[in-house]
Each structure stands twice: as structure tokens, then as C-alpha cells.
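Please work from the sequences and hints to get the whole structure.
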Amino acid sequence: MDRVLNSFIVTLRGAGVPVSISESIDAAQALAISGYGNRQVVKSSLAATLAKSVAEKEIFEDCFDRFFAYQAPKADFAAGQDNGDEQNPGDMPPIGGMIMEGDLGGVALAVRDAARSVDLQSIRFFTQRGIFTSRMLQALQLDQLDRFMADLYREGGSGAAATTRLLEQGRDALVDMVRRFVEEQYDIYARESTERIIERYLWDVRLTELEERHYDRMHFLIKKLVKRMNDRFSRRRRRAKRGALDFKRTLRSNMHHGGLLFETHWKKKRVNRPDVVILCDVSRSMSTVVRFCLLMLYGLNEVVARIRSFVFCSSLLEVSHVFESCPVAVAVERLRTGEGLDIHMGRTDYGSAFWDFTNRHLEAVTGKTTVIILGDARSNYGDPADELLQKISERCRRLIWLNPETSPMWGTGDSEMKRYMRLCDQVMECSTLRHLEQLVRVLVRIP
Amino acid sequence: MTDQNGKFESVDKVREGFKDAGYICNTDIATTVYLAFHLEKPVLVEGPAGVGKTELAKKAASFMDVPLIRLQCYEGLDESKALYEWKYGKQLLYTQLLRDKLDQVIDRGNDMDESIRTLHQYEDIFFSPQFLEPRPLLKALQAEQGAVLLIDEVDKADEEFEAFLLEILSEFQVSIPEIGTVRAKTKPYVFLTSNSTRELSEALKRRCLHLFIPFPEPELEREIVRYHVPAIPDLLEKQLVMFIHEVRKLELKKAPSISETIDWARALILLHAEGLDRDLTRKTLNTFLKFEEDIRAVDEKLFLLVDKALKETA
Numbered sequence: 002m003d004r005v006l007n008s009f010i011v012t013l014r015g016a017g018v019p020v021s022i023s024e025s026i027d028a029a030q031a032l033a034i035s036g037y038g039n040r041q042v043v044k045s046s047l048a049a050t051l052a053k054s055v056a057e058k059e060i061f062e063d064c065f066d067r068f069f070a071y072q073a074p075k076a077d078f079a080a081g082q083d084n085g086d087e088q089n090p091g092d093m094p095p096i097g098g099m100i101m102e103g104d105l106g107g108v109a110l111a112v113r114d115a116a117r118s119v120d121l122q123s124i125r126f127f128t129q130r131g132i133f134t135s136r137m138l139q140a141l142q143l144d145q146l147d148r149f150m151a152d153l154y155r156e157g158g159s160g161a162a163a164t165t166r167l168l169e170q171g172r173d174a175l176v177d178m179v180r181r182f183v184e185e186q187y188d189i190y191a192r193e194s195t196e197r198i199i200e201r202y203l204w205d206v207r208l209t210e211l212e213e214r215h216y217d218r219m220h221f222l223i224k225k226l227v228k229r230m231n232d233r234f235s236r237r238r239r240r241a242k243r244g245a246l247d248f249k250r251t252l253r254s255n256m257h258h259g260g261l262l263f264e265t266h267w268k269k270k271r272v273n274r275p276d277v278v279i280l281c282d283v284s285r286s287m288s289t290v291v292r293f294c295l296l297m298l299y300g301l302n303e304v305v306a307r308i309r310s311f312v313f314c315s316s317l318l319e320v321s322h323v324f325e326s327c328p329v330a331v332a333v334e335r336l337r338t339g340e341g342l343d344i345h346m347g348r349t350d351y352g353s354a355f356w357d358f359t360n361r362h363l364e365a366v367t368g369k370t371t372v373i374i375l376g377d378a379r380s381n382y383g384d385p386a387d388e389l390l391q392k393i394s395e396r397c398r399r400l401i402w403l404n405p406e407t408s409p410m411w412g413t414g415d416s417e418m419k420r421y422m423r424l425c426d427q428v429m430e431c432s433t434l435r436h437l438e439q440l441v442r443v444l445v446r447i448p
Numbered sequence: 032m033t034d035q036n037g038k039f040e041s042v043d044k045v046r047e048g049f050k051d052a053g054y055i056c057n058t059d060i061a062t063t064v065y066l067a068f069h070l071e072k073p074v075l076v077e078g079p080a081g082v083g084k085t086e087l088a089k090k091a092a093s094f095m096d097v098p099l100i101r102l103q104c105y106e107g108l109d110e111s112k113a114l115y116e117w118k119y120g121k122q123l124l125y126t127q128l129l130r131d132k133l134d135q136v137i138d139r140g141n142d143m144d145e146s147i148r149t150l151h152q153y154e155d156i157f158f159s160p161q162f163l164e165p166r167p168l169l170k171a172l173q174a175e176q177g178a179v180l181l182i183d184e185v186d187k188a189d190e191e192f193e194a195f196l197l198e199i200l201s202e203f204q205v206s207i208p209e210i211g212t213v214r215a216k217t218k219p220y221v222f223l224t225s226n227s228t229r230e231l232s233e234a235l236k237r238r239c240l241h242l243f244i245p246f247p248e249p250e251l252e253r254e255i256v257r258y259h260v261p262a263i264p265d266l267l268e269k270q271l272v273m274f275i276h277e278v279r280k281l282e283l284k285k286a287p288s289i290s291e292t293i294d295w296a297r298a299l300i301l302l303h304a305e306g307l308d309r310d311l312t313r314k315t316l317n318t319f320l321k322f323e324e325d326i327r328a329v330d331e332k333l334f335l336l337v338d339k340a341l342k343e344t345a
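Those sequence lines, one after another, are chains A and B. In terms of this note's numbering, the first sequence has 213 at position 212, counting the first letter as 1, and numbering is strictly consecutive. In terms of this note's numbering, the second sequence has 289 at position 258, counting the first letter as 1, and numbering is strictly consecutive.
Certain hints may be false.
Selected chain A positions facing chain B (in silico; Cβ < 8 Å) [unchecked claim]:
{"#": "1", "residue": "21"}
{"#": "2", "residue": "24"}
{"#": "3", "residue": "45"}
{"#": "4", "residue": "48"}
{"#": "5", "residue": "53"}
{"#": "6", "residue": "55"}
{"#": "7", "residue": "58"}
{"#": "8", "residue": "261"}
With a Cα cut of at most 27 Å, we get these calculated BS3-like pairs of lysine-lysine [what the hints assert, rightly or not]:
{"#": "9", "chain 1": "A", "residue 1": "228", "chain 2": "B", "residue 2": "285"}
{"#": "10", "chain 1": "B", "residue 1": "280", "chain 2": "B", "residue 2": "332"}
{"#": "11", "chain 1": "A", "residue 1": "225", "chain 2": "B", "residue 2": "284"}
Chain B stretches covered by chain A per the calculated footprint, using a threshold of three residues with CB under 8 Å from any CB of chain A [said to hold, decoys possible]:
{"#": "12", "region": "114-125"}
{"#": "13", "region": "237-243"}
For the record, the hints were derived by calculation from the structure and aren't laboratory data. Yeah, the Cβ is synthetic: ideal placement off N, Cα and C, and Gly gets one too.
The structure is reproduced here in C-alpha cells:
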């Protein structure tokens with residue numbers, strides 16, 4: 002059973018349940034205690050020791066049912082006639098004998114043994130199916146069987162034709178069975194790893210080049226990222242300031258000790274969540290980046306206190322109300338289509354966007370605000386109006402500029418990035434999911 | 032903890048035992064409880080509110096016939112509330128009362144050095160077990176006959192506290208600087224419950240067996256209702272459970288839990304109901320739905336829901 006348990010754990014790991022060594026030891030001990038008599042009990046024992054969250058339990062259910070599915074071998078071998086082994090028993094490989102006898106159980110076992118000997122559980126990619134199938138057939142000594150059949154056919158003799166026919170049928174059924182078996186095992190062991198390769202690719206793909214068919218996956222990944230970030234940073238809001246005595250609280254709580262200071266209370270520092278004002282360039286080249294950036298920011302309610310969002314192209318417009326009235330995923334979609342928004346989608350003009358912002362919405366920026374500007378700073382040779390940006394920069398706590406272009410491109414052509422950079426507290430490239438994650442780390446670190 | 036009277040002989044025995052104690056469990060629960068006993072590991076219980084996570088620990092205590100020691104977690108819970116505290120007041124009082132005695136001991140005639148040396152001989156009297164106030168965790172370790180330790184809503188406590196729990200949960204010992212290491216005389220049987228308000232640390236999960244209690248299957252829930260409300264007519268019980276299951280499928284702020292099913296069953300018995308009908312259901316919705324929005328949402332679909340429940344049990 003140990004070996005079976007081991008490969009089951011490999012399956013679980015492949016499916017995304019991180020099973021540690023100590024947990025696998027627990028599982029083995031649990032099985033030793035509860036026994037193998039009752040399928041349900043075995044399942045519960047393994048679930049208790051291996052899957053440690055609701056999500057993992059679900060994966061576990063699925064894996065368990067598929068891994069321990071009992072299937073009667075489906076190949077149809079004709080029931081054997083015993084005259085086969087009288088012919089030439091020395092040369093016939095054991096598998097041939099099983100076929101002749103119609104020993105289905107034996108064949109199934111032999112297939113499983115072969116799978117173990119070629120280490121089938123290491124299969125990861127669908128391109129490996131062929132090679133594993135042929136390796137397994139080799140392990141089953143199919144080539145010997147073929148040779149034996151050829152010899153038999155050549156020699157002829159009484160009943161040879163019938164035996165050959167029988168063997169041939171059995172051989173085809175066997176090949177079929179092995180192929181199906183490899184297919185099933187591929188499903189069990191490798192299904193998740195393809196998924197993971199795509200996931201890894203998505204972490205580093207430039208958002209501007211993301212294909213639309215990956216959007217759903219990306220949403221899912223961002224959800225995961227947001228959850229992780231919320232978990233990580235939600236509990237850091239209060240932090241003890243070591244060494245500074247909170248004298249008032251100490252006195253108060255020690256009144257009943259007659260003024261003797263037994264219990265001490267220390268001063269605590271509150272770590273505030275930042276208020277964010279974000280200005281997004283929504284010209285065509287930017288739309289995917291804006292979409293995912295907003296999707297993430299609006300999820301971060303444990304990290305960010307309040308968000309006001311503005312979009313601009315030729316003119317600037319506040320869109321916070323869109324996010325308040327509908328779910329984030331719907332809201333970003335509405336921004337993309339521009340449905341019900343009065344925005345002028347002409348040439349991008351940073352100068353006039355800043356002018357609109359400083360004249361109409363400057364009250365949104367206070368000494369506590371973190372202002373994020375998401376844009377490529379390509380202003381089509383218009384007036385950059387950096388003095389207006391300076392005004393914003395002086396008023397806010399931090400000014401962060403996120404540019405989806407790589408830094409060598411900054412300042413080339415109509416890019417005003419070099420000019421704007423001087424006024425920002427932080428400038429970051431922002432074109433992949435990984436960059437978005439970095440943004441969160443920067444956000445929580447309030448100076 | 033040793034197995035008394037073979038109560039933990041097999042999974043089925045455990046299930047039977049819990050049933051006698053008043054807790055009806057499925058195979059998952061029985062197996063996990065059984066394993067936790069034999070592997071001497073804590074059980075981390077997760078699941079929606081009101082499915083009987085806390086109840087499981089209580090019933091385990093009565094099943095094993097040992098005391099239940101409960102530690103309710105909240106934000107800001109620390110060692111002095113969970114493990115032990117010195118009895119400051121008592122220490123203070125004793126020093127006051129013993130002032131004369133102390134004077135004698137020190138003997139004013141002696142010089143400083145001598146006095147300090149004398150005092151050193153008595154140093155530990157005020158930091159001895161007599162002045163120690165054990166809190167739940169220490170109590171559980173000290174229990175002679177063993178105990179069931181329930182650490183309730185561990186997800187509400189801070190991460191630091193979780194880290195602190197690790198030592199206790201894996202070694203069943205704690206160190207108190209002034210006294211030394213306290214080792215469990217009999218290892219307590221530990222349950223931790225969580226409502227998943229946040230993800231618990233990997234390290235903690237690794238040390239525990241994990242048990243997820245979902246809303247029960249209709250069959251099991253009917254058995255539970257029958258157990259707690261024996262007077263319920265057969266038909267009503269079937270319809271009621273079916274109705275609750277339909278309600279749980281809706282998107283509600285707070286889906287009715289087992290305890291609410293039982294409450295509702297009791298209410299219907301008081302009203303002498305023999306079977307479910309629309310009018311009666313509408314009037315008693317507030318026994319199992321706790322939000323105005325939820326009541327409204329269910330009320331809108333009442334016709335459909337009741338119909339479905341009646342049809343499926345017909």
C-alpha cells in the first residue's frame with residue numbers, strides 16, 4: 002500500500018495540493034490505524050491528513066475518485082483454448098500466455114507493473130503519451146510476442162492459424178488497453194501541470210500583448226494575488242513601537258495595584274492604509290493594462306482605504322461612481338467599451354488631462370493621498386504641462402508613476418517621461434502581473 | 032490519553048458513542064475524531080457557522096468523560112490571557128502582610144551585602160506555583176485525567192498567537208521562565224475551530240488533522256432533527272429538511288444552519304403543525320433567517336420553494 006499511497010500523494014501534488022513529508026507520514030500512520038476495510042473510512046483518513054483547506058478538499062475528492070476508481074479491464078480477449086502452450090511454450094512471453102488463457106486480471110496487473118517499471122507517473126505533457134505507450138509495450142515484451150507469432154505462422158501446423166488469429170486479436174486489444182491506460186494516467190498526473198505552465202507564462206507576459214482568451218485566467222490569477230496580498234497585509238496595521246511607554250494607559254490599568262506599575266502598556270503605532278487617487282490613460286494602447294491594474298487595486302480593500310479613479314484621453318473624467326455601482330469586473334468592462342461615459346477619445350493629451358484635474362478635482366488630493374498615474378507619457382508632442390504635475394506632486398503624500406513601457410523607451414519620441422520623472426516619488430515599469438504585485442508592496446510602505 | 036473502555040476501538044464505535052452523547056456524525060467526522068485520538072494530533076475544524084463545530088468538542092468531552100477547557104480567541108489575545116499570569120494582587124498583599132517578617136529575616140543590623148544574600152535564599156517564594164494563575168492552555172496541560180481543549184475561532188487571533196500555539200500543539204509542553212517547563216501529564220485532546228475569516232498558517236495546518244464540516248446531507252440532517260425534536264411528525268420533518276435544503280441553494284447573506292433548522296422544527300411543533308404550508312412558513316421565516324434581505328428574498332420565491340419541498344417528499 003505504501004507504494005500506492007506514494008503515487009497518490011504524487012497525484013495530489015501534481016493537482017496543486019502541497020503535501021509535506023510529515024503529512025505523508027501522518028497519512029501512512031492513519032491508514033495503518035484505520036485499516037483498508039472501508040473505502041469511505043480510507044477516504045476520510047486521507048482527507049484529514051492530506052488536504053488542509055476547503056479548496057484542497059475539493060481537489061482531493063476529485064483525485065481520490067479518479068485515482069482509486071475501480072475499473073474492470075475492458076479489453077476483449079477471446080476465451081482461451083489451452084492448446085496454445087503445447088505448441089511452443091519456451092518462446093512465448095508471459096503476456097502471450099495470459100492472452101491465450103483469457104486471464105484479464107493477469108493482463109491488467111501486467112499493465113500496471115509495466116507502468117511502474119517505466120515510471121509512468123512522471124508523465125507531464127501530452128506530447129509524452131506516445132513515448133510512454135511504446136515504452137510500456139516494450140516492458141510487456143510485445144516485440145517477443147510479435148516474433149513468436151511470426152514464427153508460429155511460418156511453421157504452420159495444426160491449429161497454428163487459429164492460435165495466431167487469437168493472439169493477434171489479443172495483441173491489438175492489449176495495445177489499445179495500454180494506450181487507454183496511459184491516457185487515463187496522463188489525466189491524473191499531468192492535468193494540472195499544463196495549467197501551471199500557462200499560469201507561469203501569464204505572470205510574465207506583457208499585459209498589452211495578452212490574448213483575449215486568457216482574460217478569464219488572468220482574472221482568476223489577479224483574484225488569487227489580491228487574496229494573498231490582503232491576507233499578508235491586513236494584520237500589519239497596528240505595530241508596537243518598542244520601548245515607548247504609554248504612561249496614561251499604564252497608570253489607569255494599574256490603579257488597583259495601588260499605583261504600583263505592574264502591567265505596562267506600550268505605545269502603538271498605527272499603520273494607515275493609503276488613500277489612492279489614480280489617473281489612467283485609457284487610450285487604445287493602454288486599455289488592457291488599465292483594466293488589470295484597476296481590477297487589482299479595487300480588490301485590495303485590506304491594503305487600500307479608499308480609491309478615487311479618473312480616466313483620461315483627450316479630456317479627464319472621474320469614474321469612481323462606476324466602481325461603486327457595479328462589481329469590479331463589470332466596471333472595468335464598462336470602462337473599456339466607454340458605455341455611458343462622457344469621455345473624448347481623441348489624441349492623448351497629458352497637458353489637458355492635468356489641467357482638467359488640477360482645476361476640477363484637486364480637492365481629491367490631500368496630504369494623505371497617494372496619487373498613481375498610469376500612462377505611457379506619450380503626449381503627441383502637446384504641451385506636457387509639467388508645472389501642473391508639480392502642483393499635484395507638492396500637494397500629495399506620494400506620486401507614483403506606472404509606465405507600461407520598458408525604461409529604455411522612456412523619453413524617446415513623443416514620450417515626456419524623462420520630464421515627468423523628476424516630479425515623481427517613485428517611477429515603476431508596469432506591464433506584467435509581477436509588476437502589479439510589486440506595486441502592492443510599494444503601496445503598503447507609506448513613508 | 033489512554034483508551035477508556037475501548038471507546039476508541041473502531042470508527043463505528045466512535046460514531047455510536049457520539050450518537051449516545053447526542054451528536055450525530057458522518058464518516059468524515061467519526062474517522063477524524065478516531066484518528067486524532069490514536070495519532071494524538073489536534074483537529075482543525077472548519078465549516079460554515081452553525082454546523083456544530085464547537086458542539087463537536089463539547090460532545091467529545093462528554094463522550095470521553097473528561098472536562099472541557101475552552102479558549103475563545105479574539106484579536107489581541109496574548110499569553111497572559113491564554114497561558115498563565117502571575118497573581119499580582121496576591122503577591123502584593125503577601126509582601127505587605129509579611130513586611131514584619133521580612134524585616135526580621137533581613138535583620139536591620141546586617142549590612143547591605145548580607146541582607147541581599149539572605150533575601151536571595153527566599154527569592155522564589157513569590158514566583159512559585161501558588162502565585163500562578165493558570166489560564167486555559169496551562170489548565171489543559173495540568174489536567175490529571177486529560178481534558179478536551181477547545182481553541183475556538185482561532186482565525187480571530189493574531190498571527191503571533193498562532194505561532195505561539197505551535198509549541199504547545201506539537202510538544203504538549205510550555206516553558207514558564209520562573210518555574211521551568213511544564214509538560215502535559217496526560218496529553219489533552221485538542222480541537223481548533225475556524226470560520227475561515229483568514230487563511231491559517233501552513234505550519235499550524237501541518238500539525239493538525241483537518242476536518243471540514245459542510246451542511247449535512249438531507250438524510251443526516253433528518254436524523255439530527257429527529258434526535259433533537261423527537262416529537263416531530265414524520266411528514267413535517269421530511270418537508271422541513273427538504274425546504275431548508277432548497278433555501279440553502281439561494282444566495283443568502285446567512286444560510287440557515289443546523290441549529291436554525293432545529294429551532295424552526297421546535298417552533299412548528301409549538302404551533303401544532305402536521306405538515307408544511309405556505310402560510311405557516313411565511314409566518315415563521317424569521318426563526319431561521321436572520322436578515323431582513325434574506326427574509327424578503329425567500330418570501331419572493333416562497334411559492335416555488337414550498338411547492339418543491341412538498342412535491343419531493345410526496
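Cross-check of the supplied hints:
A least Cβ separation of about 6 Å between residue 21 (chain A) and chain B falls short of the 8 Å threshold, and the interface hint therefore holds. With a cut of 8 Å, the hint placing residue 24 (chain A) at the interface with chain B holds, because the nearest CB-to-CB distance is about 6 Å. Here the hint on residue 45 (chain A) is kept, as its CB sits about 4 Å from the closest CB of chain B, short of 8 Å. Taken as an interface hint, residue 48 (chain A) checks out: its beta carbon lies about 7 Å from the nearest beta carbon of chain B, inside 8 Å.
Given the 8 Å rule on beta carbons, the hint for residue 53 (chain A) holds: about 4 Å separates it from the nearest Cβ of chain B. This hint holds: residue 55 (chain A) has a C-beta 6 Å from the nearest C-beta of chain B, less than the 8 Å allowed. Satisfaction of the interface hint for residue 58 (chain A) is found here, the shortest Cβ-Cβ separation to chain B being roughly 5 Å, below the 8 Å cut-off. Checking residue 261 (chain A) against chain B by beta carbon gives a least distance of about 7 Å; that is within 8 Å, so the hint holds.
At roughly 22 Å between alpha-carbon atoms, residue 228 (chain A) and residue 285 (chain B) fall within 27 Å of each other, so this suggested pair holds. For the suggested pair residue 280 (chain B) and residue 332 (chain B), the alpha carbons sit about 12 Å apart, so the restraint of at most 27 Å is met. With a C-alpha separation of about 23 Å, the suggested pair residue 225 (chain A) and residue 284 (chain B) falls inside the 27 Å cut-off, and the hint holds. With a cut-off of 8 Å between beta carbons, the region 114-125 of chain B has 3 residues touching chain A; three or more are needed, and the interface restraint holds.
Three residues within the 8 Å Cβ limit are the bar, and the region 237-243 of chain B against chain A gives 6, so the coverage statement holds.
The structure meets every hint from the earlier list without exception.
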